[in-house]
Amino acid sequence: MAGQAPAISLSSIDKRFGEVRANKDVNLTVARGSVHGIVGENGAGKSTLMSILYGFYEADRGEIRINGNLVRIRSPKEAIANGIGMVHQHFMLVEPLSVIENVMLGAEGGAMLAKGEAKMRAALAKLSADYGLAIDPDAIVGELPVGLQQRVEILKALVRGAEILILDEPTAVLTPDEAEQLFALLHALAGQGKTIVLITHKLHEIMAVTDHVSVMRRGEMVATLETAATSPAELADRMVGRHVLLDVSKGPAHPGAVRLTVENLVIRDAHGSLKVKNINFSLRAGEILGLAGVAGNGQSELLEALAGIIQPTLGRILLDGDDLALTAPTPADRRTHGVLHIPEDRQRMGLVSAFSAAESMILGFQSEVAFGSGPMLSTEAVRAHTETQMEAYDIRPRDPSLKTSKFSGGNQQKIVLAREIEHHPKVLLVGQPTRGVDVGAIEFIHKRLIALRDAGVAILLVSVELDEIMSLSDRIIVMCGGVITGERTPETTNDRDLGLLMAGVTERAA
Amino acid sequence: MEIYATLIAITESGLRLSVPLIFACLAGLWSERSGVVDIGLEGKMLAAAFAAAAAASATNSAVIGLAAGIIASVGFALIHGFAAISQRGNQIVSGVAINMLAAGLTALVGNAWYAQGGRTPPLEGDARFQPLTWPGAEIIDQIPVIGPLYAHILSGHSALAYCALIATILSGFVLARTRFGLRLRAVGENPAAVDTAGVSVTKLRYAAVIIAGVLCGFGGAYLSLGQAAGFLTNMTAGKGFIALAALIFAKWRAWPAFWTCLLFGLLDAVAIRLQGVVVPGIGQIPVQAIQALPYLMTVVLLAGFIGKAIPPKASGLPYVKER
Chain B
549 MAGQAPAISL SSIDKRFGEV RANKDVNLTV ARGSVHGIVG ENGAGKSTLM
599 SILYGFYEAD RGEIRINGNL VRIRSPKEAI ANGIGMVHQH FMLVEPLSVI
649 ENVMLGAEGG AMLAKGEAKM RAALAKLSAD YGLAIDPDAI VGELPVGLQQ
699 RVEILKALVR GAEILILDEP TAVLTPDEAE QLFALLHALA GQGKTIVLIT
749 HKLHEIMAVT DHVSVMRRGE MVATLETAAT SPAELADRMV GRHVLLDVSK
799 GPAHPGAVRL TVENLVIRDA HGSLKVKNIN FSLRAGEILG LAGVAGNGQS
849 ELLEALAGII QPTLGRILLD GDDLALTAPT PADRRTHGVL HIPEDRQRMG
899 LVSAFSAAES MILGFQSEVA FGSGPMLSTE AVRAHTETQM EAYDIRPRDP
949 SLKTSKFSGG NQQKIVLARE IEHHPKVLLV GQPTRGVDVG AIEFIHKRLI
999 ALRDAGVAIL LVSVELDEIM SLSDRIIVMC GGVITGERTP ETTNDRDLGL
1049 LMAGVTERAA
Chain G
-15 MEIYATLIAI TESGLRLSVP LIFACLAGLW SERSGVVDIG LEGKMLAAAF
35 AAAAAASATN SAVIGLAAGI IASVGFALIH GFAAISQRGN QIVSGVAINM
85 LAAGLTALVG NAWYAQGGRT PPLEGDARFQ PLTWPGAEII DQIPVIGPLY
135 AHILSGHSAL AYCALIATIL SGFVLARTRF GLRLRAVGEN PAAVDTAGVS
185 VTKLRYAAVI IAGVLCGFGG AYLSLGQAAG FLTNMTAGKG FIALAALIFA
235 KWRAWPAFWT CLLFGLLDAV AIRLQGVVVP GIGQIPVQAI QALPYLMTVV
285 LLAGFIGKAI PPKASGLPYV KER
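Chains B and G supply the protein sequences, listed in that same order. Quick note: the first sequence uses our numbering, first residue 549, plus one each step. Quick note: the second sequence uses our numbering, first residue -15, plus one each step.
Chain B extracted, bound-state conformation (with noise of 0.2 angstroms):
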């Protein structure tokens, strides 16, 4: 293959948004028939260069040559006709229309839909033959699970005869099992001559699947390697451009007496669908209780009847012994009684985005002694508060008035995570704590929450992602459907049994 031109090179790429230069001087060269990967801290640019190979925006300066033709895209639909693919992380998908109407969407072939429907169902049922892609074409895609879902975005994409497929954080909502399906097809693709793109920030999927990796940090490309020969390690270091510890370090857990106690809870959501069928688990003063699941099975009905938010259907939740539901029925009441919590989505649920850094450091608070007298709120008081959590908790810019939603994800976890730990919590309920933060917050996230526990707090600890559970965990809770499908500690599973446990398969599990 020796002379053959790259499927995709990308020269000079600059693009800016008013002040923000998103891509400084790209240059990028990924090989035919081979997955390459893009890591990077949120931020980074690595959507920005996608979204410009998809013809989502034009770049200001620099060159595209797809096989080696310099091109210009403008639209997705250039990029199409270019033979780029595009998987987003976010689907696009029409929820209430069929699998078929999904897949010809912009690909009708005429102007009546019968006649192209019929090419589109011997073209579908090809391509599941060819890669076991099954599908049945008149599933409506809303009630297909997402695993699904996902593959109906990459026949979408095939269907329009793709030979670069650009996936943008495919696995952020696949189970384990499911991602090992996606990057067996993902090989199986790339062994017929297909180009794939795959941008992830989990290095271990870097590591796994990918032949070539690039790097990219703030807007630069700082590095592609290949894969075989770099490691996890050195590929955080790059991202973050410091050292950085991925493996936390921690002692030993030494467990105190029960503070949190949840008996035979059912919970029912607005709709009145059972979320949480009946579990019961108790967690302990120092410990880091983890709880793993794919998210949507009840971990978030979960948290939020353990914060107030909700209440359950049956069963209670008692704290050193006495029932919530009768001493603190609220919210307010149970961060009163030291039940503080940093919720899952810190922008719907934990911050005001429109709200300054001060006032969302004072949020649930305020009406503490500190901050003001009767109802007025002391605005230096706040802002001495705020500056001195600043400073604590590395919170940048370090500026109490900027708008919440100016500061990055990782700086807005840490305002979250601030404001909640500042109040001396017995129990800490934290979800999601690093999701859409940059590798440099998750480590300090994490020793922060390692040194709660040393303190003596009790934490469950609620997450997507696996390797913080498994590193963070003292024992390990897994749930799948509403139900706990298994306890493991950290030392005694791994991510396939977890994977099996999530998926809820009970019997295989040790």
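By construction, these hints were calculated from the structure, which means they are not laboratory data. Here the structure is a predicted model, which is why all the values come from computation and not from measurement. Note that the Cβ used here is the ideal one computed from N, Cα and C, for glycine as well. Certain hints may be false.
Okay, derived cross-link-like pairs now, SDA-like style, lysine to any residue, Cα gap no bigger than 25 angstroms in a straight line [what the hints assert, rightly or not]:
| id | chain 1 | residue 1 | chain 2 | residue 2 |
| --- | --- | --- | --- | --- |
| 1 | G | Lys305 | B | Ser623 |
| 2 | B | Lys995 | B | Glu782 |
| 3 | G | Lys297 | B | Ala655 |
| 4 | G | Lys187 | G | Ala51 |
| 5 | B | Lys625 | G | Arg72 |
| 6 | G | Lys297 | B | Gly690 |
| 7 | B | Lys954 | B | Arg944 |
| 8 | B | Lys625 | B | Gly709 |
| 9 | B | Lys750 | B | Gly739 |
| 10 | G | Lys187 | G | Arg72 |
| 11 | G | Lys292 | B | Asp942 |
| 12 | B | Lys974 | B | Asp893 |
| 13 | G | Lys297 | B | Pro693 |
| 14 | B | Lys572 | G | Lys305 |
| 15 | B | Lys974 | B | Gln859 |
| 16 | G | Lys292 | B | Asp817 |
| 17 | G | Lys305 | B | Ala629 |
| 18 | B | Lys951 | B | His971 |
| 19 | B | Lys954 | B | Val568 |
| 20 | G | Lys292 | B | Asp686 |
| 21 | B | Lys663 | G | Phe164 |
| 22 | B | Lys667 | G | Phe164 |
| 23 | G | Lys235 | G | Phe225 |
| 24 | B | Lys625 | G | Lys187 |
| 25 | G | Lys305 | B | Asp893 |
| 26 | B | Lys625 | G | Ala51 |
| 27 | B | Lys625 | B | Glu665 |
Far from chain G, some chain B residues (derived; all Cβ distances over 12 angstroms) [stated by the list, open to error]:
| id | residue |
| --- | --- |
| 28 | Ile628 |
| 29 | Leu722 |
| 30 | Ala801 |
Position chain G against the provided structure of chain B, taking the given hints into account.
Showing chain G alone in chain B's frame:
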């Protein structure tokens, strides 16, 4: 037999009353399925009714009147489209503005041109869409039971009424079976999916808004050239809003929209019929209570009988490319 004759008369009148609702409801359907909320149906119909009557009175041609009505309505639709699609403005505000503008302008211009308190001069002959009598209607009418069905239900409506039926058939077909229909259904649910598939969201939404304008044009022209003989101030009398209720009731689908509008038209006809009637045991029902019937029905039915009506997911949301 007298009851039967009454039923036929009510049905006939109900059909006539439902025609503008069907046009407006289909207009709303096109607009909202594309993701543009349209509470300006009322204003567009009113503008169309006025323009149609004015043009028909000037040219003595109903067809030219219809054309003028469509042009006026599409003009207003484009204003809404520009505000909602290109400028990404608030679609409710824009719709309200169109309603107010239409109500004010038609009254003002009508008064200035004709000085008859906002009315246009009465229309007759070719300036109106006269009822079409089907072959043999008068003779067949003599046949008991089925005769009146033919003569009064099938036959005897203006050409525009039959257009409402055709518009329903076309809307249902185009939405379900054509490329344009598929894209339109998709754009109201997830415009980003349409955009990434390489199809222009803006063009699709403008197309939908223009179709809504044309349909409102028909609806307005029917009011002033078919149902009445000229324009009266505020002659739409809330029909654009009832059509919106019907649209929810029909869950944004063409044929259910058609049947719902027929039902609302019939209720209206019943209400008119019941005015002044003394009901045994209750006495005379106040006119207002009867007039409120269709609205009450809407609330009751929407609250309990049709299940959850889920609007197109992206309706009301301007499309902004993310990232």
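Next item on the list: Go through the numbered hints given earlier and state which of them the structure violates, listing their numbers in rising order.
Entry: As far as the earlier hints go, 11, 26, 28 are violated by this structure, in ascending order.
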